[in-house]
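Those sequence lines, one after another, are chains A and B.
So the first sequence is residues 1 to 413, counted in this note's numbering.
So the second sequence is residues 1 to 278, counted in this note's numbering.
Just so you know, these hints were derived from the structure itself, not from any lab.
Accuracy of the hints is not assured; some may be wrong.
Said to hold, decoys possible - Okay, derived cross-link-like pairs now, DSS-like style, lysine-lysine, Cα gap no bigger than 30 Å in a straight line:
#	chain 1	residue 1	chain 2	residue 2
1	B	Lys-89	B	Lys-232
2	A	Lys-67	B	Lys-259
3	B	Lys-17	B	Lys-163
4	B	Lys-89	A	Lys-222
5	B	Lys-259	A	Lys-222
6	B	Lys-259	B	Lys-41
7	A	Lys-222	B	Lys-247
8	B	Lys-183	B	Lys-259
9	B	Lys-247	B	Lys-259
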Amino acid sequence: MATITRARVAEGLVAPWVEWERRCPKGRRLLEAGTYALTEGAIAAGCRVFAGYPITPATDIAEYMSKRLPQVGGYYMQCEDELAGMHACAGASLGGLKAMTATSGPGYTLMHDAYGWALTNEIPLVVVDAMRVGPISGITGAPGQGEFYVARYCTHGGNFETIVLSPSSVQEAFWLTIDAFNLSERFRTPVTILTDQVVSDMWEDLFLPDADEHLDFVVPRKHNLMMPFYPLGGADLDVPPNIIGRGTGVCVSAYTHTEEGYDIEEMEAQWAQTYRLVNKIRHHRDQLSRYETIGLEDADVVAVAYGADARTVKTAVLEARRQGLRAGFVRPITLWPFLDELYERDCHYVVCELNYDGQLVREVMRAAPDRAKVHFMGKSAELHTVAEVVAGLQGVARAGRIPELPYIWTEVR
Amino acid sequence: MNKLAAKYLRPSQIPTKACHGCGIGMIENWILQAIDELGLKQEDVVFGTGIGCVGRQTFATWGGDNFGATHGRALAVATGLKLAQPDKKYLIVVGDGDAAAIGTSHLIHAARRNLGVVVICEDNMGYESTGGQFSPTTPAGYVTNSSPYGMVEPSFDPCDVVKAAGATFVAETTATQWHQTVKIVKRALQNDGFSFVHVRFPCNENFGAYALGTRDTLKNLEWIYEHTQGRKADGGATDFVWETGIKHDASNSRPEFTKLLRDMNARVRAERTAAGAR
Ligand SMILES: Cc1ncc(C[n+]2csc(CCOP(=O)(O)OP(=O)(O)O)c2C)c(N)n1
Ligand code: SF4
Ligand SMILES: [Mg+2]
Chain A
1 MATITRARVA
11 EGLVAPWVEW
21 ERRCPKGRRL
31 LEAGTYALTE
41 GAIAAGCRVF
51 AGYPITPATD
61 IAEYMSKRLP
71 QVGGYYMQCE
81 DELAGMHACA
91 GASLGGLKAM
101 TATSGPGYTL
111 MHDAYGWALT
121 NEIPLVVVDA
131 MRVGPISGIT
141 GAPGQGEFYV
151 ARYCTHGGNF
161 ETIVLSPSSV
171 QEAFWLTIDA
181 FNLSERFRTP
191 VTILTDQVVS
201 DMWEDLFLPD
211 ADEHLDFVVP
221 RKHNLMMPFY
231 PLGGADLDVP
241 PNIIGRGTGV
251 CVSAYTHTEE
261 GYDIEEMEAQ
271 WAQTYRLVNK
281 IRHHRDQLSR
291 YETIGLEDAD
301 VVAVAYGADA
311 RTVKTAVLEA
321 RRQGLRAGFV
331 RPITLWPFLD
341 ELYERDCHYV
351 VCELNYDGQL
361 VREVMRAAPD
371 RAKVHFMGKS
381 AELHTVAEVV
391 AGLQGVARAG
401 RIPELPYIWT
411 EVR
Chain B
1 MNKLAAKYLR
11 PSQIPTKACH
21 GCGIGMIENW
31 ILQAIDELGL
41 KQEDVVFGTG
51 IGCVGRQTFA
61 TWGGDNFGAT
71 HGRALAVATG
81 LKLAQPDKKY
91 LIVVGDGDAA
101 AIGTSHLIHA
111 ARRNLGVVVI
121 CEDNMGYEST
131 GGQFSPTTPA
141 GYVTNSSPYG
151 MVEPSFDPCD
161 VVKAAGATFV
171 AETTATQWHQ
181 TVKIVKRALQ
191 NDGFSFVHVR
201 FPCNENFGAY
211 ALGTRDTLKN
221 LEWIYEHTQG
231 RKADGGATDF
241 VWETGIKHDA
251 SNSRPEFTKL
261 LRDMNARVRA
271 ERTAAGAR
């Protein structure tokens, strides 16, 4: 078998910050934590309100925000719980200020009520969920990836799409946070940054563009000052969000609404609202693709992972290629809407994620041409090692299955 | 349509779907009178509601900006909104369930922070839009659809709760006390801080029917009135008494919450400028 060198492998990152980095030559190089990058990304994106409740491993975001926001004319609010935190963010955003909250699984669960309220009323805001292993309180200092589906369905009732992004490095956390704010403004919807304990706690090289450098790629807050407040039945993007306090007479409620925002109990209105909430995202999926790939053009077996776990998985893919395997790599950065197109190749997939129940793997099974060739390597509370993933890739390439490995679950029912 | 309704409300949204004889519309009319007597305009006031009869039957009736939060969360939303739009008056019109059950923590902490809003808690002593179950303000022993043998829990007085938490204006009134209610709402709106106005009114459909045995509006209002006086029409003493009126008035005695944050920001920025920071 011919040795495939790294130079011959197509590597690609598709994300707006590839271009942003080129446009920001001036700045500072720091050694900082993921939580710091998430905070600075939000500030750079124009976030001026943080309202939340501390929880490991997102607490440092709250602390950084409490220091940084007053310096830039913003407001830090420590609320009585996460329900209050996200509702206050929604209120602040409705009043015209960009807002963010940050939490971990136990708090994310408490936000579903506010998430739905913001989503149905098309209120932009950003929520960070730094996942730790669960269920429930789990282990506070150990990473998990248990909220892949919770983030998709971060409120009840159905009839909506959500936008969820996941970074895998400190630097990426910075750019991706700006991106999350931009998307929330353009799509008039809450955006979840689904990160994990490793990315939020780890310290890495971080480039911050100069504060006085004009970040012209930041989408500014605009105000919708006219009816229709809810462009029902349409899927247009870049409709400015509604604002309360400017005397427009806007009405914002929890119920299915008319274009004025009045409660209504009619099928037509329900349909028109659903059409918009679903299709403003589905019809613009091309603007939501962010991902990294390696070697998809010739791969026999493709490893799939996101967040911090994608880092060791990527190294393993490169190592497997060095050993002569035609291995490929997919790291979805946009988790939702799910990027089916990344799994078009008819080959084996090895899905690595930090849970034993199997979440991401189910979507890959749905999207891939041959479900039988999708394999699961679930791990809990700890990143996959390079050796484990190489063994998994070798096993699949040679015998069509993942070999037995300690602490790795392969069954998906 | 009366003159106040024509001036302040949305013609398309009134009359509401509230039951005939319900006190919700009457109380709203009194609130409008207070707003009018203070010379406030539609654009000066943001109207926030919760969920339940009180929330849903008033949401979007106000001619200015409106928001209807999920059950219990109107104050949480208002906390963020007030930061962004500090110059507006906020009328947070909610039920006893919203304010004193599911949303109690927000109520207590908004009072503690002295958030600049007026909470009008329209208390019909139960969860009426879900068909009349007891709430934390249902008088102990009374029969509702979920206390068929009489409510066994003690009730509490939300005025005591917010006063203990630090509210700067606290008052109690009822749907039988027009002039007092208007006066109280006016005073509440003049406090640049947390004002709590507790207004009891009868739900004829549920509380009236099951706890009091009648859907007759006048009889139910009379029952409320008797309890403000401690004396029944026949001269006997009522089973308990509600003391109404202004219960605590420390209006404008301490800074409003969002002003504290703005002042802190100004101080931080001035110190940074002085220190030469960018
Ligand atoms: C989270 C949540 N729980 C329960 C309900 C159902 N629910 C709607 S209104 C209501 C009670 C309302 O009581 P109150 O606030 O006193 O208003 P009222 O109808 O009595 O005016 C309940 C339990 C809901 N809408 N949301
Ligand atoms: S159920 Fe009771 S509170 Fe609700 S509208 Fe009817 S009378 Fe009023
Ligand atoms: Mg009630």
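Regarding the pair Lys-222(A) and Lys-247(B), is the alpha-carbon distance no greater than 30 Å?
44 Å, violated
Given the hinted pair Lys-89(B) and Lys-232(B), is their Cα-Cα distance within 30 Å?
39 Å, violated
Sort out whether Lys-163(B) lies within 30 Å of Lys-17(B), counting only the CA atoms.
34 Å, violated
Between Lys-259(B) and Lys-222(A), is the straight-line Cα distance small enough, at 30 Å or below?
At roughly 25 Å apart (the allowed maximum being 30 Å), Lys-222(A) and Lys-259(B) satisfy the hint.
Restraint status (C-alpha distance of Lys-89(B) to Lys-222(A) at most 30 Å)
Status holds; Cα separation ~23 Å.
Under the criterion that the straight-line Cα-Cα distance not exceed 30 Å, is the pair Lys-183(B), Lys-259(B) satisfied?
Within the cut-off at roughly 26 Å; holds.
Run the distance test for Lys-67(A) versus Lys-259(B): straight-line Cα separation, threshold 30 Å.
Judged against 30 Å, a Cα distance of about 18 Å means the pair holds.
Quickly compare the C-alpha distance for Lys-259(B) and Lys-41(B) to 30 Å and report which way the hint goes.
Cα-Cα ~23 Å, so holds.
Does Lys-247(B) pair with Lys-259(B) here, judged by a C-alpha cut-off of 30 Å?
Judged against 30 Å, a Cα distance of about 25 Å means the pair holds.
Hints 1, 3, 7, counting from the list given before, are not met by this structure.
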